[in-house]
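Visitor: Given these sequences and hints, build the entire structure.
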Amino acid sequence: MKQKSLWWSSAKVSFQTTGPLLPSAIFFGMIFGFTGADAGLPLFFVSGMSYIIFAGSAQFITVLLIIEEELITAIVITAIIVNLRHALYSAVLKEMFVLKRWQKFLWSYFIIDETFLVTNIVKKQQNTGDTRLYRLEYVFLASGIMFWTFWNAATIVGHVLYTFLSEVISFPGDFIIAASFIGYLVDYWIKYSEDRYILVSVTIGAIGLGYVLSSSNLLIVLMIIGSLTAVLRQYTKVRRK
Amino acid sequence: MTYTEAELFIGIGLIGLGTYLIRLVFMVFLPKISENEYIKSAMEAIAPAMLIALVIPFTIFIGGSIDLLRIEVLAIVTAAIFVALTKRPGLGILVAMVSYFVLDLFV
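Respectively, the protein sequence lines represent chains A and B. For the first sequence, counting from 1, position 28 maps to 28 in this note's numbering; every step adds exactly one. For the second sequence, counting from 1, position 48 maps to 289 in this note's numbering; every step adds exactly one.
Below are the EDC-like pairs computed for lysine to aspartate or glutamate, each with C-alpha atoms no more than 16 angstroms apart in a straight line: (1) A/Lys12 with A/Glu137; (2) B/Lys281 with A/Glu95; (3) A/Lys4 with A/Glu137; (4) A/Lys94 with B/Glu276; (5) A/Lys124 with A/Glu137; (6) A/Lys123 with A/Glu137; (7) B/Lys281 with A/Glu194; (8) B/Lys328 with A/Asp187; (9) A/Lys241 with B/Glu278; (10) A/Lys94 with A/Glu137; (11) A/Lys124 with A/Glu95; (12) A/Lys191 with B/Glu285; (13) A/Lys237 with B/Glu278; (14) A/Lys104 with A/Glu137.
Ranges of calculated distance between the beta carbons of each label pair, as one might list FRET restraints: (15) B/Val348 with A/Ile145: 41 to 49 angstroms; (16) A/Arg132 with B/Val348: 50 to 58 angstroms; (17) A/Val157 with B/Phe347: 25 to 33 angstroms; (18) B/Ile322 with A/Leu165: 25 to 33 angstroms.
A few chain A residues facing chain B, derived, Cβ under 8 angstroms: (19) Leu84; (20) Asp174; (21) Leu185; (22) Asp195; (23) Ile198; (24) Val202; (25) Thr203; (26) Leu218; (27) Thr229.
Simulated from the structure, these hints should not be mistaken for lab results. All residues carry an ideal CB built from backbone N, CA and C; glycine is no exception.
Guide: What follows is the structure, given as structure tokens:
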């Protein structure tokens with residue numbers, strides 16, 4: 001099969017899995033644009049964040065910390081730490097893909113939660129006798145392009161809508177962040193019961209340290225608490241063996 | 242604190258570079274890490290820790306103290322119950338926001 005037709009058949013497979021996730025990305029992108037406008041940031045800056053950073057949670061936390069007037073260094077460090085999980089995705093995807101060196105530089109840009117999820121879903125289907133013709137590398141790339149396009153367009157639309165809706169709609173930036181992630185938190189709690197100890201330990205840390213730490217410091221400390229808890233548990237498992 | 246445009250753009254540039262390098266580093270430069278169980282478990286814990294870090298403090302804390310009797314808390318709890326019952330995490334934000342606006346009208 002020619003590369004071109006393989007690309008299109010892979011893009012079709014990608015769309016079948018990416019499609020249901022796009023409304024969430026569009027909605028989330030509009031909320032991001034709206035939040036950025038609400039924080040007084042100009043369109044070119046908010047839009048620039050979407051194509052330079054292209055990572056929802058890091059972008060949201062950046063805007064939130066700008067609203068809270070944190071130090072630029074704290075904002076940069078927090079946003080990067082929030083995205084550390086992408087390193088793990090990168091490591092996992094590396095084992096799935098066969099790419100040339102230059103391709104790795106391009107493919108890496110599109111590593112986000114959603115594209116990682118789409119690729120893994122298609123990979124699982126592949127393992128269960130899926131006979132469609134596609135390359136996983138192209139499925140991933142097509143998914144990344146779709147999310148990038150809709151995310152950036154939605155950011156602009158959200159920012160523009162603020163001009164018309166800011167008098168009607170207003171809610172605290174903190175709430176938007178919490179609202180954006182509550183669904184995934186509950187979903188994570190239900191699906192990954194083996195990780196509940198991390199959620200519980202971090203919750204205890206959040207309630208205990210929320211009195212004394214600023215939001216950016218709290219985020220960093222909580223992620224460290226989560227990682228240390230997991231390492232400790234891993235150590236206990238190994239010791240038991 | 243107010244930022245100059247230059248400061249903001251440098252900040253965004255650094256975040257963009259940092260987040261890109263995080264994505265790139267294992268794909269291009271480093272050997273497989275999935276064989277090291279400690280690193281793997283530490284990194285896997287970041288996502289759930291982040292979810293808690295972005296939901297709990299931003300929902301219940303106001304100005305460094307806990308406040309549970311707020312519309313925001315009720316809206317988040319409503320969304321959590323909805324997602325638990327329907328298993329549709331993508332709708333969590335929608336339910337939370339609709340709940341917020343509805344509660345804001347009546348409370």
